[in-house]
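Since chain A is already given, all that's left is putting chain B on it; use the hints.
Given next are the chains, with one letter for each unit.
Number of protein chains: 2
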Amino acid sequence: MSPKELPPSKNLVFGRTFSDHMLRIRWTEATGWQAPSIEPFATINLSPGATVLHYAQSLFEGMKAYRHDNGTVTMFRPDMNMKRMNTSAQRLALPAFDGNALLECIKELISLDRQWIPKEPGHSLYIRPTLIGTNGTLGVAPPSEALLFVITSPVGPYYPRGFKPVPLHGTTEYIRAAPGGTGAYKLAANYAPGVVAQKSAAKQGYAQNLWLHGPEHWLTEVGTMNLFAVIKDKDGITELITPPLDGMILPGVTRDSVLALARNHVSGVKRLEGLPDVIRVSERPINMGEIIQSSKEGRLIELFGTGTAAVVTPVDKIGYNGGDVIIPTGKDGMGPVSKPLWTELVGIQTGDIQSDWNYVVAQ
Amino acid sequence: MSPKELPPSKNLVFGRTFSDHMLRIRWTEATGWQAPSIEPFATINLSPGATVLHYAQSLFEGMKAYRHDNGTVTMFRPDMNMKRMNTSAQRLALPAFDGNALLECIKELISLDRQWIPKEPGHSLYIRPTLIGTNGTLGVAPPSEALLFVITSPVGPYYPRGFKPVPLHGTTEYIRAAPGGTGAYKLAANYAPGVVAQKSAAKQGYAQNLWLHGPEHWLTEVGTMNLFAVIKDKDGITELITPPLDGMILPGVTRDSVLALARNHVSGVKRLEGLPDVIRVSERPINMGEIIQSSKEGRLIELFGTGTAAVVTPVDKIGYNGGDVIIPTGKDGMGPVSKPLWTELVGIQTGDIQSDWNYVVAQ
Chain A
1184 MSPKELPPSK NLVFGRTFSD HMLRIRWTEA TGWQAPSIEP FATINLSPGA TVLHYAQSLF
1244 EGMKAYRHDN GTVTMFRPDM NMKRMNTSAQ RLALPAFDGN ALLECIKELI SLDRQWIPKE
1304 PGHSLYIRPT LIGTNGTLGV APPSEALLFV ITSPVGPYYP RGFKPVPLHG TTEYIRAAPG
1364 GTGAYKLAAN YAPGVVAQKS AAKQGYAQNL WLHGPEHWLT EVGTMNLFAV IKDKDGITEL
1424 ITPPLDGMIL PGVTRDSVLA LARNHVSGVK RLEGLPDVIR VSERPINMGE IIQSSKEGRL
1484 IELFGTGTAA VVTPVDKIGY NGGDVIIPTG KDGMGPVSKP LWTELVGIQT GDIQSDWNYV
1544 VAQ
Chain B
1184 MSPKELPPSK NLVFGRTFSD HMLRIRWTEA TGWQAPSIEP FATINLSPGA TVLHYAQSLF
1244 EGMKAYRHDN GTVTMFRPDM NMKRMNTSAQ RLALPAFDGN ALLECIKELI SLDRQWIPKE
1304 PGHSLYIRPT LIGTNGTLGV APPSEALLFV ITSPVGPYYP RGFKPVPLHG TTEYIRAAPG
1364 GTGAYKLAAN YAPGVVAQKS AAKQGYAQNL WLHGPEHWLT EVGTMNLFAV IKDKDGITEL
1424 ITPPLDGMIL PGVTRDSVLA LARNHVSGVK RLEGLPDVIR VSERPINMGE IIQSSKEGRL
1484 IELFGTGTAA VVTPVDKIGY NGGDVIIPTG KDGMGPVSKP LWTELVGIQT GDIQSDWNYV
1544 VAQ
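Protein chains in written order, with this note's numbering: chain A, 1184 to 1546; chain B, 1184 to 1546.
Hints in this document: simulated from the structure, not taken from any laboratory.
Any given hint might turn out to be false.
One copy or two, it doesn't matter: identical chains are merged, so the pair holds either way.
Derived DSBU-like pairs (lysine-lysine); straight-line CA-CA distance at most 30 angstroms [stated by the list, open to error]:
(1) K1266 to K1382
(2) K1500 to K1382
(3) K1479 to K1417
(4) K1266 to K1386
(5) K1302 to K1347
The shape of chain A in the complex, shown without the other chains:
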């Protein structure tokens, strides 16, 4: 196969362009994992009875490879993704795998296709490992055959025209997750059902869903991102709040990193410029009642989503109970807490800041 033409970076749309190669690793119940194989990007040929098509036996991960100015290529905390991918596999009774070995294969794939990592600032190579059940029998059961594949896609900055805060629709008529369900796992099954909810929000003028849980309207996630709120507590201390990992919340890598950076700032391990000296870092439930109350009392500082695709997404309002709750935003979109955290995160990812969170793919 002759390599494809690389599109100009400015024309990149998330997940539409794929690089020349892909990784495939087959598994069968009888033989276990077969030898991994890096092949030209090509169709996946499935039995029309394949369980992935009928029962959503599928899970995935999302990661990025960044090209630093000095040419080094790194990934950001990929061990977290490998661990989560195995947790997702367990939830679906799909086979477990050696995360380190898979990471080595992904490293090879990226090295081979490294010309596909765009050079422009804010650009990266998006990496999508996927594990699907492939046996062609219609019983609902653990699969006897599976395929793990990895594709990669060059992507530009999620917000090419800078941070424009997004309005959210406080959603109660649809759910993303519920206790005992699969919200804490990165399963295919969690995504398709959200499309009509997003369409309904868009129709009402909102960009994304703010998924509210239960009669108390607990905040859970934003679209396909984790969620953070910043409130000035009554004792005057700035509190950075994100919902706890109670079984409904995806344990996001960006979520974990934001918490770690904030805690390192508080403990003095690494102070971040611009961040308030004292922050209360909380993994705790927060509901719309508290958002509205703190907003009324002028104590609501900001609200933002976090995820691999966009890193940080500021929010400027929440449509709720027929009205809009206005959320303060900074002059370039991000607020006083998200901005220094985002700056540090992106500094690490682009290689400007040294960190052992970077996993070197190629020098």
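Below, chain B without anything else, positioned relative to chain A:
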């Protein structure tokens, strides 16, 4: 392609053998539905970025074609499946289609492969229409390309050794559905997450999950079947109870048929032999408290699941709160209410009883 060898009917395992042909109909946002095509059964070739693989953009139906003793081939109420399939498509923002036109295509497919319908009593041809999003882009959005395909599979009786009542595990640690979710739609996304719950029930000695909802432990469904309980009310009247279509319950064709047969019996439109003269037919919530209370008072008559695959599945116990609630069963498995209803249903499906529920595929 040369036709495959038909396996002996006694060796059939549900959904493992497929007939010679399949139906394929492509859809694109730009052109709409393309011409349907009946082709040899062969692999489906997808972009590795196809949304069905990553986000579970998939829904399906299950129907059966029965061969009567006189050679006539019929399907059972397929209009219900076509209607439900369109409802599922709408829930996933997949394209709507003309149910009558699809049914005509399925009729042609079955006629072509009619030698695949086993002749033995209790056997049938299982029909699996499936609609999947196929566009190869990683955005979570309504698909711009889709494929509707139909495969068929000869199947034997679900319980080849007669009706053996199954023990259920009263499941609260996993959920099948929740308000605002997708339990009322036949989506791929509803199935894979149930596999670990079934495995966990099996490990404890139970065949299937009895999905209990909320702190009140409302009974919802059994494995992948709808659920009926029969209780003698305090006024001495036999009550046939199934949970209402409140958004968590799949509107099953067998469920609807059981309700219709029972109501026709009560109203005198068609009396069924063996059924109590007076029955209270209720679509209403029922919880474990009521099951236990009626069991203690000797008023619990039976409990059974309904679905296309097994038609009626009697239950003999429910593992709950560390003990077992024993459910009465009849001497051949089914109880006094399910038995006459099952007899009528199967009589219609096999052509022994005339009914406008039968849709003639071939004479």
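Going down the list of hints, with the structure as the test:
1. Taking the closest pair of Cα atoms, K1266 and K1382 come within 30 angstroms of each other only across two copies (23 angstroms); inside a single copy the shortest separation is 32 angstroms, beyond that limit.
2. In this assembly of identical chains, the alpha carbons of K1500 and K1382 lie at most 30 angstroms apart only when taken from the same copy (18 angstroms versus 44 angstroms across copies).
3. In the homo-oligomer, the alpha carbons of K1479 and K1417 lie at most 30 angstroms apart inside one protomer (13 angstroms), although the nearest pairing across protomers, at 55 angstroms, exceeds that limit.
4. Within a single copy, K1266 and K1386 get their C-alpha atoms only as close as 38 angstroms, which misses the 30 angstroms cut-off; across copies the closest is 26 angstroms, which meets it.
5. Proximity of K1302 and K1347 under a CA criterion of 30 angstroms is satisfied intra-copy only: 24 angstroms inside one chain copy versus 65 angstroms between copies.
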